[in-house]
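**Student:** Position chain B with the ligands against the provided structure of chain Y, taking the given hints into account.
In case you want the letters, here they are:
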Amino acid sequence: MADLALTDVMKTYGRGQVALDRVSLDVQDREFVVIVGPSGCGKSTTLRVIAGIEEETSGDIRIGGAVVNDLCPGARDVAMVFQDYALYPHMTVAGNIGFGLRRRGMARAKVHERVKRVAEVLEITDLLDRRPAMLSGGQRQRVAMGRAMVRRPKVFLFDEPLSNLDARLRVSMRSEMRRLKEHMPTTTVYVTHDQTEAMTMADRVVVMNSGRIEQVGPPMEIYRHPANLFVAQFIGSPAMNLLDATLTETGAEIAGKTHIALSGARDVGRQIVLGFRPEAVRPADSGMPARVRTLEPIGQEIIVEFESAAGTRISSRLPPDTQLKAGENVHLTVDSACAHVFDPRTGAALDSSA
Amino acid sequence: MTGRGTERLADLATYVIALVLIALFAAPLLWLVSLAIRTPAEVFLGAARFIPDQPTLANFEQILTDRTFGLYLWNGIKLCALGAMGALVVSVPAAYVFSRRSFRGASALMLGILTVQMVSPLVLLIPLYRYMERLGLLETHAAAAGVYMALGVPLSVWMLKASFDAIPKSLEQAAAVDGCSPAGTLFFVTLPLAAPGMASAFILNMLMGWSQFLVPFILLSRDQLQPISVAIFNFAGSTSASTTQLLAAACVITVLPAIAAFLALQRLIVSAIMAGAVKG
Ligand SMILES: Nc1ncnc2c1ncn2[C@@H]1O[C@H](COP(=O)(O)OP(=O)(O)OP(=O)(O)O)[C@@H](O)[C@H]1O
Ligand SMILES: [Mg+2]
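The listed protein sequences derive, respectively, from chains Y and B.
Under this note's numbering, the first residue of the first sequence carries the number 1, and numbering increases by one thereafter.
Under this note's numbering, the first residue of the second sequence carries the number 1001, and numbering increases by one thereafter.
If you're looking for bench data, these hints aren't it; they were derived computationally from the structure.
Don't take each hint at face value.
[Said to hold, decoys possible] Below are the DSSO-like pairs computed for lysine-lysine, each with C-alpha atoms no more than 30 Å apart in a straight line:
| # | chain 1 | residue 1 | chain 2 | residue 2 |
| --- | --- | --- | --- | --- |
| 1 | Y | LYS154 | Y | LYS116 |
| 2 | Y | LYS116 | Y | LYS181 |
| 3 | Y | LYS154 | Y | LYS181 |
| 4 | Y | LYS181 | Y | LYS257 |
| 5 | Y | LYS181 | Y | LYS110 |
| 6 | Y | LYS154 | Y | LYS110 |
| 7 | Y | LYS154 | B | LYS1169 |
| 8 | Y | LYS181 | B | LYS1169 |
| 9 | Y | LYS116 | B | LYS1169 |
In isolation and in its complexed conformation, chain Y is listed as follows (with noise of 0.2 Å):
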């Protein structure tokens, strides 16, 4: 049980190609943060950085508030799941769990002992004497995860651990994720790009984009108040909606003369970037001209994609009873309570009384 911190993490490769930028992020005890980004932005990188596979050109890494920058990867006590498992393929599954352990010097029969219980919580019992060869894409990931458990390590350290599953299985070692962190309560980094295990998983997620931390906080919080447009695009599905659209005295007027309230104070005449969720917009008598262009029924609601009079998509969640064809021409009004504004050329958000 430790907290972790990184303080002004750098790491450039070769010829200068900056992978991490200063990457400061500080996760507390037992805390489960969850990394998310684009491929590429550098999220592989912060977990090898913080496991010692990877050095930091600068910055500091501290696990229970010592510096750990010079120890090597075993000293530090942090336990990795791979992106492909890395699964020792000439040891059987209780080889693998129990390797870590042997390795430490612990006695054959405790880490037997060890071993079978780590089995037991994850199912694994009857598959200890197979290779890894022998075993099903959710049973090795179950092995992998076993093989960082029972080191019982200060930090855990997961990437993407679920992203070679098919989604039905998915959803299971997702809940199963959860089951751990209840049943092991320890300081994780998880890394994922999908953002659905980020929401449902995270104690707060870190949004990275090429290399530096947009955003940190409770996934409701990203949601809610995006610090930025990359945040704000990022993060949802479908996107939010992003309108050019200038400020006016009583809110923003978008092009086509769209006008959309908004409270507070505010510099008149300033263009913004004016966002919207699609639950925040739907069709009304009166409002911004659109068409409908395409609806998507997925049950629960309809995902209506609609095109303003500037050309402009903007999506929708509406109702499962929503009586739309594509083709028609209806006004939009906007729930301006949800609205957001970003500064257009530095991508912040400004808060409502800019």
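**Tutor:** What follows is chain B with the ligands alone, placed relative to chain Y:
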């Protein structure tokens, strides 16, 4: 003609060519076996009778109970094994570094190592003889095995590099996180996984050493030091018609270990131990 038909024809052609090749290589071997199981009387019949009327194993018996033949066989095995072992010991670290570290000139060096393979030992024999003479190593097994080893290194480095390359780096990283030192990782993870590759390289070196003739012929002239290949040559030089069948039997016995080694090698190459290391 249908695509299937063309395929059939191509298959047929493959078989025909394979059969011709087999015949080409098998004929001398079969001829050898035929001679080896003849009585001295039937040897005189030559090719007229391929399958002898009175096949006998007496020639093998005589060869195998011969003290000096055993010694030559042992010399041959000893030289091969020492050479192959030495080549492996030298090649493993080299191949590991080539596989796991990137450094300036790595690929040039790899190619350089391979060009050594292209130099015929014939060219080197005279200087080698002189060096060994200076070093006082003529007439020693160490010298001959050393040369076998040197000849085996280039191919071994290439083979072993390929088998190290096939081991995912994440396995070594997992071992490091699990608490292994770099040496521990090599010992517990990398080398066991490279074992089939190392065994292949070892056997291949054994085979190359087994068929080695010129090096021991030049470096070893004392009878009791000679490996089987040189001994058979000397024996053939002194042979009379009445011992042809014995010579043939000796040759057959000499070829057998090579065939066994080759079969073992094939099994190793086919076995896919890496399956299941990573997801997929
Ligand atoms: N060994 C390396 N040499 C050079 N560049 C590297 C190396 N490893 C990673 N990079 C670069 O560093 C950046 C971050 O890589 P990283 O693996 O952390 O991405 P990621 O967020 O985990 O992506 P993914 O979701 O695809 O796994 C990428 O631009 C990548 O090209
Ligand atoms: Mg990654």
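**Student:** With reference to the structure, classify each hint as holding or not holding.
**Tutor:** Now for the hints, and whether the structure bears them out:
no.: 1; hint: Y:LYS154 / Y:LYS116; in the structure: holds, 21 Å
no.: 2; hint: Y:LYS116 / Y:LYS181; in the structure: holds, 19 Å
no.: 3; hint: Y:LYS154 / Y:LYS181; in the structure: holds, 14 Å
no.: 4; hint: Y:LYS181 / Y:LYS257; in the structure: violated, 51 Å
no.: 5; hint: Y:LYS181 / Y:LYS110; in the structure: holds, 24 Å
no.: 6; hint: Y:LYS154 / Y:LYS110; in the structure: holds, 20 Å
no.: 7; hint: Y:LYS154 / B:LYS1169; in the structure: holds, 24 Å
no.: 8; hint: Y:LYS181 / B:LYS1169; in the structure: holds, 29 Å
no.: 9; hint: Y:LYS116 / B:LYS1169; in the structure: holds, 28 Å
This entry does not satisfy hint 4, going by the numbered hints stated previously; all others are met.
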